[in-house]
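Keeping their order, the protein sequence lines are chains A and B.
Under the numbering used here, the first residue of the first sequence is numbered 1, with each subsequent residue one higher.
Under the numbering used here, the first residue of the second sequence is numbered 1, with each subsequent residue one higher.
It should be emphasised that the hints constitute simulated quantities derived from the structure, not laboratory data.
Fair warning: this is a prediction, and the values are worked out from it, not measured in the lab.
Every residue, glycine too, gets a C-beta built ideally from N, C-alpha and C.
Heads up, a few of these hints could be off.
[Claimed, not checked] Distance windows between CB atoms, simulated:
#1 Ser229(A) / Pro203(B): 35 to 41 Å
#2 Asn88(A) / Ala8(B): 57 to 63 Å
#3 Asn246(B) / Asp247(A): 43 to 49 Å
#4 Ala34(B) / His52(A): 45 to 51 Å
#5 Ala151(A) / Glu193(B): 43 to 49 Å
#6 Asn246(B) / Lys70(A): 40 to 46 Å
#7 Gly245(B) / Thr176(A): 39 to 45 Å
#8 Lys70(A) / Tyr81(B): 16 to 22 Å
Number of protein chains: 2
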Amino acid sequence: MTTEQLVAEIRQKKSFLCIGLDVDLNKIPKHLLALEDPIFEFNKAIIDATHHLCVAYKPNTAFYEAYGIKGWKSLEKTIQYINENHPNIFTIADAKRGDIGNTSTMYAKAFFEDLSFDSVTVAPYMGKDSVEPFLAFEDKHTILLALTSNAGAFDFQTQKVDEKEVYKHVLNTSKTWKNAHNLMYVVGATKAEYLKDIREIIPESFLLVPGVGAQGGNLQEVCKYGMNSSVGLLINSSRGIIYAGNDENFAKEAAKKAEELQSQMSIIL
Amino acid sequence: MTTEQLVAEIRQKKSFLCIGLDVDLNKIPKHLLALEDPIFEFNKAIIDATHHLCVAYKPNTAFYEAYGIKGWKSLEKTIQYINENHPNIFTIADAKRGDIGNTSTMYAKAFFEDLSFDSVTVAPYMGKDSVEPFLAFEDKHTILLALTSNAGAFDFQTQKVDEKEVYKHVLNTSKTWKNAHNLMYVVGATKAEYLKDIREIIPESFLLVPGVGAQGGNLQEVCKYGMNSSVGLLINSSRGIIYAGNDENFAKEAAKKAEELQSQMSIIL
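Work out the full structure: start from the sequences and follow the hints.
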């Protein structure tokens, strides 16, 4: 999917909501556990109930890998279901991969070709030759971790190198990489005040912003400092939406939560 | 596996060789492609031919994920085969994972519980709360990326924060984390001269050293600066061993290359 197609979808739906599909068997409604593939059935119900309210879905691969081959099958069925039924929805494999060159190419093939995701999240620690193999895929997007939403972000990301924080070096340096136009960035909503500085370095890029809701980030603040003329934001909510309910009505409850966020977004747009 | 068991295996085999199982269908002998699971058959033959020469096997997950569910099955069969037939061999899931707390726990479950690996490689960019969930598993080892073997290591890892490089901050900070005794570190052989400084910060820890062979690192140099009284080194070679031959004799050729390295190691020990 091109960035222009993503922006068009945002304008049409008046939403820049991304729903995180982080499915934990211990947290989903009990009645689903009797089905053959509870994780996929949960996702399918959430997707059916929310696809008109969001522009992106983001399965976090950890929650699928934890169940081995069965989990990987649920992930495959989920991405196929989205691509077949809602081809205009942007898909993110939240995998936080990154390795030396030839190995990153294998990860890129796994997510862009084998699973047909539109994008994948990538960790920057190993530098240029670990990220450029992902960027080589045209109309696929590499979402680089810049400033994450967790407390550990202050361990290394905000340390200062030559008066500038490590995450700013990541932003600046990544702009020089080949096919940098395929980059987006992860910036946590819990650090909204940093967005002003970040927008000075990467005014045009899309930002994937986790941490609104369960982690305490504030939507208005993120938009105030992070929005650009093409919107430039995908706001993710996972637990706050998908676990809103815990009985037969869970999908309806999820849709209600998604609608709350979408209606706030439509006012801002 | 405990560190003591690993050290005992090293002493007994006079080897601290780790063999990387980075299996690319385009590179394995053509006659294997007719079999039902060529990746597993390749690994099985390599393991059968080399298990007496090495103390660790390290499948890089990218090479399995690239083939989707089929690849994940090959990975599962490979780790089961090692654990059943060679329980004294240390196993490393080279996965370079890392995410916010609850998500890292899911990754830890995937590799430590579902697949029964002894260890997993983890990226440090997201800090303490992204790594500690892995460290919580007793007798399992978390191998943190410190200074990697690729050119991109110079993009961020060697940048200086308060006169000290980022990777040294990673080493120092990680020592303060809960269950830090379960940490090992990745240090590339292509940067052997850095090992002296690194050993001042983490004298006791095991180092996983990739980059000997195909990437140009030198075994003697690595041992000179990196070895400690418990050996403290796992030297990895992947392509240099597993692709030594390309016909029916590939496993024998691989064993020959592994034996060359092991005999150099036995002299050093």
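TODO: Give me the numbers of the hints this structure contradicts, sorted from smallest to largest.
DONE: Failing hints, ascending: 1, 3, 5, 6.
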